[in-house]
Amino acid sequence: MAKNLKKNNVLALNGELGTGKTQFVTGIVKKISPKTIVSSPTFVLLNEYKGEIPIYHFDVYRTEACDFHFQELIKEYFSNNGICIIEWANKITKILPSNCIKIEIKKNLSKGDSFREITIC
Amino acid sequence: MLVLGLDTCCETCSVAIANDKNLLIQTSTNKHKKRSSEIIIKQIKNILNFSNIKVSEIDFFATTVGPGSFTGTRIGISIIKALSQSLEKKCIPISTLECLANNITWENFLICPTIDAKNDYVYSCFFKRKNKTLVKLEEENIISLSALTKKINNYENKIIFISDEALIYEKLTNLKISNAIMAPFLINSGLASSVVQLSLDKITNNKTINYNEILPLYIKNCYYEN
Chain A
1 MAKNLKKNNV LALNGELGTG KTQFVTGIVK KISPKTIVSS PTFVLLNEYK
51 GEIPIYHFDV YRTEACDFHF QELIKEYFSN NGICIIEWAN KITKILPSNC
101 IKIEIKKNLS KGDSFREITI C
Chain B
1 MLVLGLDTCC ETCSVAIAND KNLLIQTSTN KHKKRSSEII IKQIKNILNF
51 SNIKVSEIDF FATTVGPGSF TGTRIGISII KALSQSLEKK CIPISTLECL
101 ANNITWENFL ICPTIDAKND YVYSCFFKRK NKTLVKLEEE NIISLSALTK
151 KINNYENKII FISDEALIYE KLTNLKISNA IMAPFLINSG LASSVVQLSL
201 DKITNNKTIN YNEILPLYIK NCYYEN
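Going line by line, the protein sequences match chains A and B. Using my numbering, the first residue of the first sequence is number 1, and each one after it goes up by one. Using my numbering, the first residue of the second sequence is number 1, and each one after it goes up by one.
For reference, chain B alone in the conformation it holds in the complex (with noise of 0.2 Å):
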């Protein structure tokens, strides 16, 4: 069984395969002067050929979905439906939150990864390991970063702060939480080993989706309301 996942949604562009027991390669560029559309397409045919692996081989497709940057969500997302539908297989759609918050394997912290939304606010969400399992503790929101500090005060446990972008550690860093630490950077590592991990607990448990069923998570900000 094979899965092939990408995340375009962040500041890393990446694409990794996996089978059930092992990932096998993984690539990752940083989007630095160029876009996603220009990088992913060249790097998916580039671990396929490095991997001797045919695209017909390949199981399941996987992306994240959101939330992150407005286009780069897109992109994934029409790379992975098209692929899905021409090959009529299966697509897994996964979070980017959720992806940062799974390098964490650390228990007794409160996770905390964070995309930069602009303007000072963040997109986050909670998740703690109980038992070696990632939990996710409420749903993906976006808030303003003095509202974060507010919501983490009031938590007694250590809290971990994991983000891949470099701007949004020096915010966070800049708050001066004292019970909270920052993640080890991940500033090439790219999200899509987690995608392929994440992926293959959905596939286990059946929870894979059609190719017209993926949809990008936009999380709309309060002050779109007025």
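For reference, chain A alone in the conformation it holds in the complex (with noise of 0.2 Å):
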């Protein structure tokens, strides 16, 4: 998926708690800009990973980040000629553009413990 990534593409990340949405993440990092670590963007609200192509890692959990003045900011991102990934994407739906990639990771506890069900759209 990484691979086929482009400049302001914007990758809505939902999933429960714990099913390893940063994991997800630290994959696509990996791909796009080998050497950079990957860390959750849950207090901070959001990690610039510097690269050919610079991403922009959201977590939109705490109620902070649903705040107008961030979202308007968040919106500006989208155009920024980078990628955006945003974890709980389902907190923000209003202001995500039309053409965003939707991704939802599920557990599925009778295949196993690490077992994730990965849907794309």
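Rather than coming from a laboratory, the hints here were simulated on the basis of the structure. Note that the coordinates shown come from a computational prediction; the quantities given were computed from them, not determined experimentally. In this text, a Cβ means the ideal position worked out from N, Cα and C, and glycines have one as well. Any given hint might turn out to be false.
Here are a few chain A residues that face chain B, going by a calculated C-beta distance under 10 Å [to be verified]:
hint : residue
1    : S39
2    : F43
3    : E72
4    : L73
5    : I95
In the PhoX-like style, the derived pairs of lysine-lysine whose C-alpha atoms are separated by at most 25 Å in a straight line are [said to hold, decoys possible]:
hint : chain 1 : residue 1 : chain 2 : residue 2
6    : B       : K136      : A       : K75
7    : A       : K75       : A       : K107
8    : A       : K75       : B       : K31
9    : B       : K128      : B       : K81
10   : A       : K75       : B       : K220
11   : B       : K150      : B       : K132
12   : B       : K118      : A       : K94
13   : A       : K111      : A       : K6
14   : B       : K220      : B       : K136
15   : B       : K171      : A       : K94
Label-pair restraints from in silico Cβ distances [claimed, not checked]:
hint : chain 1 : residue 1 : chain 2 : residue 2 : range
16   : B       : K34       : A       : A2        : 22 to 32 Å
17   : B       : T204      : A       : K6        : 29 to 39 Å
18   : B       : K150      : A       : L73       : 28 to 38 Å
19   : A       : G27       : B       : L87       : 47 to 57 Å
20   : A       : E16       : B       : W106      : 36 to 46 Å
21   : B       : S37       : A       : L109      : 28 to 38 Å
22   : B       : T149      : A       : E117      : 37 to 47 Å
23   : B       : K34       : A       : C100      : 39 to 49 Å
From the two separate chains plus the hints, produce the assembled complex.
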């Protein structure tokens, strides 16, 4: 998936706690900017990873991130020539562009603890 | 009397200086691949050097306060606040939509400036010219393109759309509103000349404010209510 990503792509990443959203982002960033360390932006709200195409990694789980001003700021990143990946994107559906790539990660405990079902559309 | 005005809210960053009669100098640069913060300080220094004016000789500092880019708005306002506070001069806030509308001098038209608000929404506000004066007909608002089409269909006047972005021009043309025309496209001319021109009126009418009173004009979309 990382190979096909382009500038101004927006990935809306959803899944319950512990399903591996940040792990998913780590995998994508590894392909695009191999030496970058990825961490969860739960507290900082946004991590920027520099590279050939900059990656903007958001986490909007906290209510501060759902504030009007912060959402207006997030919108500006969508056309900033980078790749935006937003964890918990279903909290800010109103501002997501219509062509965003929606990714849903689910566990399926009947198939084991480390099994994940990933739906991309 | 000298006024320095700038605009960083829209696609083109611009700075201008005017005296009470004339626009003395203006510079504008499209933000293409750069950020306003990188461009604007250089622009201010350059026009002051080029016109042999010292920043301390400026009597008023004006800026667009929105609506427009979230960060762009803050950059312009921060710079004007800093200059105004340090030089102990007054500032003048101007609406970006009024600056766009100011470029239309024709009477008998409903003037509709529009600025991109993303996701097929635009910031807009209706104006008209009456005896050469620009008259504001409503408050600045945020509206979807489809709602704007419906709103305009209630007007019998000829309508003139004006925007500083090619993308919005394209979208407005695609609305195919029969009594609407597009204003000449201001691709690189910038709004600072309108900022200083509209400031002259505010200066004459004592409508200038202190640096700690200037605020961005952010318009909340109704979808934030939920």
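If you test the structure against every hint from before, which numbers come out violated?
As far as the earlier hints go, 1, 2, 6, 7, 9, 11, 13, 17, 20, 21 and 23 are violated by this structure, in ascending order.
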